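Participant: Listed below, chain by chain, are the residues.
Protein chains: 2
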Amino acid sequence: MQNTYFQSIESLPSGRSLPLNEVIDKLAFNEQGLIPVITQDATSKDVLMMAWMNKTALDKTLTTGRMVYWSRSRDELWEKGLTSGHTQELVNMTFDCDGDAILCQVNQIGAACHTGRPNCFYLEVNKELNQVQIIGSSQ
Amino acid sequence: MQNTYFQSIESLPSGRSLPLNEVIDKLAFNEQGLIPVITQDATSKDVLMMAWMNKTALDKTLTTGRMVYWSRSRDELWEKGLTSGHTQELVNMTFDCDGDAILCQVNQIGAACHTGRPNCFYLEVNKELNQVQIIGSSQ
Chain A
-12 MQNTYFQSIE SLPSGRSLPL NEVIDKLAFN EQGLIPVITQ DATSKDVLMM AWMNKTALDK
48 TLTTGRMVYW SRSRDELWEK GLTSGHTQEL VNMTFDCDGD AILCQVNQIG AACHTGRPNC
108 FYLEVNKELN QVQIIGSSQ
Chain B
-12 MQNTYFQSIE SLPSGRSLPL NEVIDKLAFN EQGLIPVITQ DATSKDVLMM AWMNKTALDK
48 TLTTGRMVYW SRSRDELWEK GLTSGHTQEL VNMTFDCDGD AILCQVNQIG AACHTGRPNC
108 FYLEVNKELN QVQIIGSSQ
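Chains as they are written, first to last, in the numbering used here: chain A, -12 to 126; chain B, -12 to 126.
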């Protein structure tokens, strides 16, 4: 999506800073008020999961330092690991050039995936065999 | 989102395979026919960008081995790097546990971001200072 605010700042020099509230106000939350969030292990750099935040979840994540998402299936705020204990401690957060995606690097306690696998991307495409292979066991 | 197909396969043992076409047919393309795609550098493991694919873009990516997205701003198929030369060669593709996100590891030629920066996530949050800092210069 075109976003004139993010276009206007893309030529700023490295190191220049902008007010956090100003940038958050310009993020491209979709028609449901949500923005996609990529969660990456800060140490291994494995991509753990993709989920969604609304502005409240984003604010709570920044305030508490723990990842809080918006659950689209339960239609409620979802503090990751509140029931499972598999919490995620925020290490670093970046926004992308169009302001329509957030990348969070975290310290992951336990398994990121609800199946018990270390991350959610366990269905691997094998193009040559036209198959998808399960990587890792559920627990 | 709940997806009964992906729920039904989550307990399959590691190594079990499923037909690729069957899995793709069950992916949770949204109401615009799109699914979010995370693109990660296969070597550095840096997250380069987040974009979207429709089924045609997914098929073309798998067939050609080069990343093809759906451009929501131009409303057309977008073969990454066709004009800039900054192509992405697909190394590995995985789907997530809910079938609503795709992770692609790629060999990136040149800069992933249209600003000339190596990746799109160059707006870094500094919680303590309530600022967002620009990381790297545009070209």
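To be clear, the hints were calculated from the coordinates, so they are not data collected in a lab.
As the structure is a prediction and not an experimental result, all values here were calculated from the model.
One thing to keep in mind: the hints can contain errors.
Chain copies aren't distinguished; within one or between two, either way the pair holds.
[Unchecked claim] Only pairs whose alpha carbons sit at most 25 Å apart, straight line, appear in this in silico DSS-like list of lysine-lysine:
1. LYS13 - LYS32
2. LYS47 - LYS13
3. LYS13 - LYS42
4. LYS13 - LYS114
5. LYS114 - LYS47
6. LYS32 - LYS47
Participant: Each hint: holds or not?
Facilitator: Hint check:
Within a single copy, LYS13 and LYS32 get their C-alpha atoms no closer than 28 Å, and across copies no closer than 28 Å, so neither meets the 25 Å cut-off. Proximity of LYS47 to LYS13 under the C-alpha cut-off of 25 Å is restricted to the intra-copy arrangement: shortest distance 18 Å within a copy versus 33 Å between copies. Taking CA atoms no more than 25 Å apart as the test, LYS13 paired with LYS42 passes inside one copy only; the shortest distance there is 11 Å, against 30 Å between copies. For the homomeric pair LYS13 and LYS114, the shortest alpha-carbon distance between copies (17 Å) is at most 25 Å, but the shortest distance inside one copy (40 Å) is not.
In this assembly of identical chains, the alpha carbons of LYS114 and LYS47 lie at most 25 Å apart only when taken from different copies (12 Å versus 41 Å within one copy). For the homomeric pair LYS32 and LYS47, the shortest alpha-carbon distance inside one copy (24 Å) is at most 25 Å, but the shortest distance between copies (28 Å) is not.
In summary, the one numbered hint that this structure violates is 1.
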